[in-house]
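Student: Sequence:
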Amino acid sequence: MASSPAEKRAAAKAIEQHIEPETRESGDYADEQTDAVVKAFDAEDGHGWVTSSAVKKAHKKWEQVNISDRVT
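With positions in the sequence shown counted from 1, the corresponding number in our numbering is that position plus 128.
Think of the hints as simulated: they come from the structure by calculation, not from any bench. Among the clues, some could well be false.
Unchecked claim - Simulated pairs of lysine-lysine, DSS-like, Cα-Cα distance not exceeding 25 Å: (1) K167 x K184; (2) K141 x K167; (3) K167 x K188; (4) K167 x K189.
As the list claims (entries may be wrong) - Label pairs and their in silico Cβ distance ranges: (5) P133 x W177: 54 to 60 Å; (6) Q192 x S154: 48 to 54 Å; (7) K188 x K141: 31 to 37 Å; (8) T179 x Y157: 19 to 25 Å; (9) V165 x E135: 40 to 46 Å; (10) V165 x E144: 28 to 34 Å.
Glycine included, every Cβ here is placed at the ideal spot set by N, Cα and C.
All chains should be modelled from the sequences, with the hints used to inform the complete structure.
Tutor: Below is the structure:
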């Protein structure tokens, strides 16, 4: 871990400018891909796949954990 004031400032800058925004960007991408999977397996004729609801439930649970809130 950083110990000098300059190292601490550099670490804080890296978190603010790279780690946090890139984590959010990755999370947004994962959300988009998950939504696409749910839609692809959803019922079109009343006979959808169990996969759709399972992915939807897993994603909802993951959002409750919301790792990005732990970073900020």
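Student: Each hint needs a verdict: does it hold in this structure or not?
Tutor: Against the structure, the hints:
1. K167 x K184: holds (10 Å)
2. K141 x K167: violated (38 Å)
3. K167 x K188: Satisfied, since the Cα-Cα distance of roughly 15 Å is no more than 25 Å.
4. K167 x K189: Judged against 25 Å, a Cα distance of about 18 Å means the pair holds.
5. P133 x W177: 54 to 60 Å: holds (56 Å)
6. Q192 x S154: 48 to 54 Å: Once the Cβ atoms are compared, 18 Å apart, the range 48 to 54 Å for S154 and Q192 is violated.
7. K188 x K141: 31 to 37 Å: For K141 against K188, whose Cβ atoms are near 34 Å apart, the range 31 to 37 Å holds.
8. T179 x Y157: 19 to 25 Å: This hint holds: roughly 20 Å between Cβ atoms.
9. V165 x E135: 40 to 46 Å: Roughly 42 Å apart at Cβ, these two residues keep to the hinted range, so it holds.
10. V165 x E144: 28 to 34 Å: For E144 against V165, whose Cβ atoms are near 32 Å apart, the range 28 to 34 Å holds.
Hints 2 and 6 from the list above are not met by this structure, while the remaining hints are.
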